[in-house]
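Visitor: From first to last, the protein sequence lines stand for chains V, Z, D and B.
Read in my numbering, the first sequence has 120 at position 120, and its numbers run on one by one without any break.
Read in my numbering, the second sequence has 19 at position 19, and its numbers run on one by one without any break.
Read in my numbering, the third sequence has 25 at position 25, and its numbers run on one by one without any break.
Read in my numbering, the fourth sequence has 112 at position 112, and its numbers run on one by one without any break.
Warning: the hint list may mix true and false statements.
Which copy is meant is left open, so a pair is good if it fits within one copy or across any two.
DSS-like, lysine-lysine: derived pairs with alpha carbons at most 27 Å apart [as the list claims (entries may be wrong)]:
#, residue 1, residue 2
1, K66, K84
2, K84, K119
3, K46, K100
4, K63, K119
5, K66, K119
6, K46, K66
7, K46, K84
8, K63, K100
Hints are computed from structural coordinates only; laboratory data are not their basis.
4 protein chains.
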Amino acid sequence: MRAFDYEHRVTYAETDRMGFVYYANYLIYFEIGRTEYIRSSGMAYKDLEDMGYMLPVLEASCKYLKPARYDDVLTIRTTISEFKGIRLGFSYEILRDGIKLVEGTTDHAFVDTEGRPRKLSPEIQEKIKKALV
Amino acid sequence: MRAFDYEHRVTYAETDRMGFVYYANYLIYFEIGRTEYIRSSGMAYKDLEDMGYMLPVLEASCKYLKPARYDDVLTIRTTISEFKGIRLGFSYEILRDGIKLVEGTTDHAFVDTEGRPRKLSPEIQEKIKKALV
Amino acid sequence: MRAFDYEHRVTYAETDRMGFVYYANYLIYFEIGRTEYIRSSGMAYKDLEDMGYMLPVLEASCKYLKPARYDDVLTIRTTISEFKGIRLGFSYEILRDGIKLVEGTTDHAFVDTEGRPRKLSPEIQEKIKKALV
Amino acid sequence: MRAFDYEHRVTYAETDRMGFVYYANYLIYFEIGRTEYIRSSGMAYKDLEDMGYMLPVLEASCKYLKPARYDDVLTIRTTISEFKGIRLGFSYEILRDGIKLVEGTTDHAFVDTEGRPRKLSPEIQEKIKKALV
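Just chain V, same shape as in the assembly:
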């Protein structure tokens, strides 16, 4: 599976009084990672929503190995770990200078605007599959 890298610089807002990135903010980094991964397929996640596909998170997990600090330039490395039917799973690594600080996963399902499961059109299926290679 292809990994997609995206850089993010830690803001003051994201730190806490321990001097590190607050633990919930890595889930925001994961959001940035999967958004840019999807965009790399030639179709923005926003376009999917505009077509009536929502992709809420069903589960998330995060393992904190080393702290990230203010002004660090982090690499958000995103991989698609599962893509079957309406299920889409991502795994993430947050790295600084090649050292892994955090790893995590999110699992999603495509639903319509009412929250009911919604199958992807073949065209969208194809685009996402191509982005995996």
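Go by the hints and put chains Z, D and B onto chain V.
Guide: Same frame as chain V, now just chains Z, D and B:
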């Protein structure tokens, strides 16, 4: 004008690596203050939105006198500073043990769901006016 | 194991354009839950930090069952799932009107201000153990 | 005075249930703007803190003209509006496709790690002044 007090305890999430509450988070405290002020009128802001009234912020200002710290119990003191037609203005003080740490203002206008100015019904006007006394 | 309940009202700031609480914010709710749980032991987490004990998060997980919405009053239900040596584990449920919306866990280890493992004094051990009953 | 432009893409985390960027988050954009402006002087704000200079915010203001939306690419345009002694003032414009959405200001003072006013060394003065041209 009546002042409305509401307590809030500072979370770790709200601090930054300087050890203080991050400056943008006071605007969240202001939101909590005006929301609870409006609720004290016997009608929640959410009810207003459900009736198609939105109350976006036009301007905000904030003066930082002393820092708030992790686990502080803060008093968010809210006053309505202006209520004329579709305009609604709030002023705020953030206090710890009676000492003012931060003061600020927000100005709003009632609009409909399309963002166009929307006059309040006489009934809602009345409720908000009563909340001022 | 004792469960500790704490109420939190969802702010506008915590919602996203899907109209629900943004998924990372539940980790902030978990922070509030464990902080108030620890406080119920008669000792604030802040006191622990003042004594040089830090309690960083090693792992977090979250399962999203139903969405929470703006202005909902949520119950954050916290239980200590593990307390052995320097390890402390919490599990959480986020409920609205008795219905579980979200569940999750966080695992922590006590460290000193340099990030090295630090054993708890017998006195603190005792306090936390009493809070479990 | 030189204006410094920096791009930022709006995340899901930054939106609220109105579908727009939550009003407090523009202050985070302002932080990003002034941080990158200072970095363009050849010295990161982090370096200043490492040398014992802190630059807390004394005042902030924000005027909301048009809403920014999810996935918008925004330009954060930062200008130094005042630099005299220990005072440093910034003004900001947030633009989308050349259209101004938000404008604002922040005022700061250089202090030491104890929060007392601290004069800048001539060398640092020089660097910041050069960044203004």
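Visitor: The structure should be examined with respect to each hint, and the outcome stated for every one.
Guide: Right, here's what the structure says about each hint:
no. : hint          : result
1   : K66 with K84  : between (33 Å within a copy, 22 Å between copies)
2   : K84 with K119 : within (10 Å within a copy, 46 Å between copies)
3   : K46 with K100 : between (29 Å within a copy, 22 Å between copies)
4   : K63 with K119 : between (31 Å within a copy, 22 Å between copies)
5   : K66 with K119 : between (39 Å within a copy, 20 Å between copies)
6   : K46 with K66  : between (32 Å within a copy, 20 Å between copies)
7   : K46 with K84  : within (21 Å within a copy, 39 Å between copies)
8   : K63 with K100 : both (11 Å within a copy, 24 Å between copies)
The structure fails none of the hints (numbered hints given earlier).
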